[in-house]
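Construct the complete structure from the given sequences, taking the supplied hints into account.
Quick note, the sequences are listed as chains A and B, same order.
Residue numbering for the first sequence follows the numbering used here, beginning at 1 and increasing consecutively.
Residue numbering for the second sequence follows the numbering used here, beginning at 1 and increasing consecutively.
In case anyone wonders, no lab produced these hints; they're calculated from the structure.
Just to be clear, a hint being listed does not mean it is correct.
No copy is singled out in the list; a pair is fine if it fits within one copy or between any two copies.
What the hints assert, rightly or not - Dumping the calculated PhoX-like pairs for lysine-lysine here, alpha-carbon to alpha-carbon at most 25 Å:
(1) K241 with K278
(2) K3 with K267
(3) K90 with K291
(4) K241 with K90
(5) K315 with K197
(6) K293 with K179
(7) K234 with K192
(8) K267 with K90
(9) K278 with K3
(10) K291 with K267
(11) K178 with K241
(12) K3 with K289
(13) K90 with K178
(14) K289 with K178
(15) K3 with K277
Predicted, not measured: the structure shown is a model, and the values here were computed from it.
There are 2 protein chains.
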Amino acid sequence: MQKLVIGIDIGGTSTKFGLAARDGRVIYNSRISTTGHDSFETYFDILTGEIEQAIQSLGNEAEILGAGVGAPNGNIYTGTIENAPNLPWKYQLPIAKLLQDKFNIPAMLTNDANAAAIGEMVYGGAKGMRDFVVITLGTGLGSGIVANGSVVYGHDGYAAEMGHVTVRNNGRQCACGKKGCLETYVSATGLKRTLYKLMADEVADSGLRDISYNDLSTTAISDAALNGDPIALKAFEYTGKILGRELANTVAYTSPAAIFLFGGLAKAEDLIFDPTKKHMEDNLLSFYKGKVKILPSGLGDENAPILGASSLIWKHLEENNS
Amino acid sequence: MQKLVIGIDIGGTSTKFGLAARDGRVIYNSRISTTGHDSFETYFDILTGEIEQAIQSLGNEAEILGAGVGAPNGNIYTGTIENAPNLPWKYQLPIAKLLQDKFNIPAMLTNDANAAAIGEMVYGGAKGMRDFVVITLGTGLGSGIVANGSVVYGHDGYAAEMGHVTVRNNGRQCACGKKGCLETYVSATGLKRTLYKLMADEVADSGLRDISYNDLSTTAISDAALNGDPIALKAFEYTGKILGRELANTVAYTSPAAIFLFGGLAKAEDLIFDPTKKHMEDNLLSFYKGKVKILPSGLGDENAPILGASSLIWKHLEENNS
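Quick look at the structure:
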């Protein structure tokens, strides 16, 4: 009988879910919209209804060991999503308990970046590593820190908010209310803000001057940079400089064996990896130099959110059987 | 029979050592000079000779369970002190192995700030806490980070070098070769540098203008501040601002329940705690606000280094018996 885990990734726009095996195969995956439902209860019924059908379609061939969930503000200790700013439901959502009751299996919840970190450990590039960091680069910047083989959740479950480390006093306004947060410089949005600042500061011609702020994508900036666009190249260099400098501080905090970059901006490959590595190395204490790898995620693209979420359960089961 | 652990704290000037009970009583303590010996072997023979005598003087009443050592650049994984810049011996010193062979007991080594963190957990104010940070404020700034109940050593044993997090790009020259490191602002030396900068920048009269840089102590600056000296007061405010801002970043990394301040500068009490708390709170993400305590060390003064060092063994024994 095949052992499987339910993985659910709740994003601001869509919710991805599936059934994952321990070896990383995702034997079922689907998605529903996170928004547009008349209540959380309706959303939850649709989500679990689809999962139930998928499980039934496997007949007696599968045993479901648990359900893992990655979601913004997901708290491992309480199993609730608490006041996530970009989800439609503002109150506390006891997701883990609801799933446990629904399927009669263990259920665990954490935020998406922590789930990505555990996914990296269970399925990805961090197999066997006990100390590493995952940085997720999307609209914002998320992070998961693993030390001594365990995710650093902090006393309240909310550790590893590296996106809100201050990198510039009185710097760019952040959506969180503070100024100068790392994610205002290092994220898809941060890159775009840098590009617009450079278009204001400099006179160089650029095809990107024909695209509106709201229409501009990370891919368009990458493509321009790969074609030699001087402003796009500078924007990546600046983004990598800010990231690399902060990663030198990250190393002084937790001395990881590797730092994995995950998500949209990381797909720009050398454009972001090269300046990040350079500026990290330049700012490291001497005895850290040349020892910390900066790597792309080993989770792949399509199923990464489902693998990350399901890995919570695999990790949990392995820790409790060892 | 009384169970005791050997605690050894190797500093640049003197080496403190003693025998500590699990309840925090130090039933023997002494010190020798770290410098002035013709070789490391001579130093080690004198040190262990004195410890041996102390143990023998207890006759059959004591059982020695192990030896813990705190030392600059002490590495938990290898048990060696590696190229410590402020010790007289530049090569690798396999301290843990040497003590193990000498006394036929388990021996463990880490750096002094990590030892202080474990000491806080075993004997001090962090009993029962699973997530906290200790900052040691001496000539430099050391730190120990505890997450999930374990010290964060990093992949190489050298994590938690918060003294060398960059807080100002192109800031003050640090002894490590980098610029703008936290300890160039926040430490006994950092406070003094700030005071001298303020005496250069401002015209206010101050009794401290009669004291040379090399003669100026943290206590003199504290005393002046307590007597209303405007420049001394500003120097503490500035030091607390830089520390508080970085601690807001620390919280974004590891979300500790408490941050303990330890060492000379922490003795200035409100002068350093008040601005540190204010600027940390001002820079925290909203959901961290009001939740993280900044506390003085609970280890006391005199025996803290011996307790810190011996706590490595108590912690180790308790983890392996649980």
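Here is what the structure says about each hint:
Taking CA atoms no more than 25 Å apart as the test, K241 paired with K278 passes inside one copy only; the shortest distance there is 8 Å, against 30 Å between copies. For a Cα distance limit of 25 Å, the shortest separation of K3 from K267 qualifies neither inside one copy, at 32 Å, nor across copies, at 58 Å. With identical chains, the CA atoms of K90 and K291 are at most 25 Å apart between copies only, with a shortest distance of 21 Å across copies and 43 Å within one. In this assembly of identical chains, K241 and K90 lie within 25 Å of each other by CA distance neither inside one copy nor across copies; the values are 36 Å within and 34 Å between.
For the homomeric pair K315 and K197, neither the shortest alpha-carbon distance inside one copy (44 Å) nor that between copies (53 Å) is at most 25 Å. In the homo-oligomer, the alpha carbons of K293 and K179 lie at most 25 Å apart only across protomers (23 Å), although the nearest pairing inside one protomer, at 29 Å, exceeds that limit. Taking the shortest alpha-carbon separations for K234 and K192, only the intra-copy value of 12 Å comes in at or below 25 Å, while the best inter-copy value is 40 Å. Taking the closest pair of Cα atoms, K267 and K90 never come within 25 Å of each other, the shortest separation being 32 Å inside a single copy and 44 Å across copies.
Neither within a single protomer nor between protomers do K278 and K3 lie at most 25 Å apart by alpha-carbon distance, with minima of 44 Å and 52 Å respectively. Within a single copy, K291 and K267 get their C-alpha atoms as close as 23 Å, which meets the 25 Å cut-off; across copies the closest is 37 Å, which misses it. Taking the closest pair of Cα atoms, K178 and K241 come within 25 Å of each other both inside a single copy (21 Å) and across two copies (16 Å). For a Cα distance limit of 25 Å, the shortest separation of K3 from K289 qualifies neither inside one copy, at 43 Å, nor across copies, at 43 Å.
For a Cα distance limit of 25 Å, the shortest separation of K90 from K178 inside one copy, 21 Å, qualifies, whereas the shortest one across copies, 45 Å, does not. Proximity of K289 to K178 under the C-alpha cut-off of 25 Å is restricted to the inter-copy arrangement: shortest distance 13 Å between copies versus 32 Å within a copy. Taking the closest pair of Cα atoms, K3 and K277 never come within 25 Å of each other, the shortest separation being 40 Å inside a single copy and 50 Å across copies.
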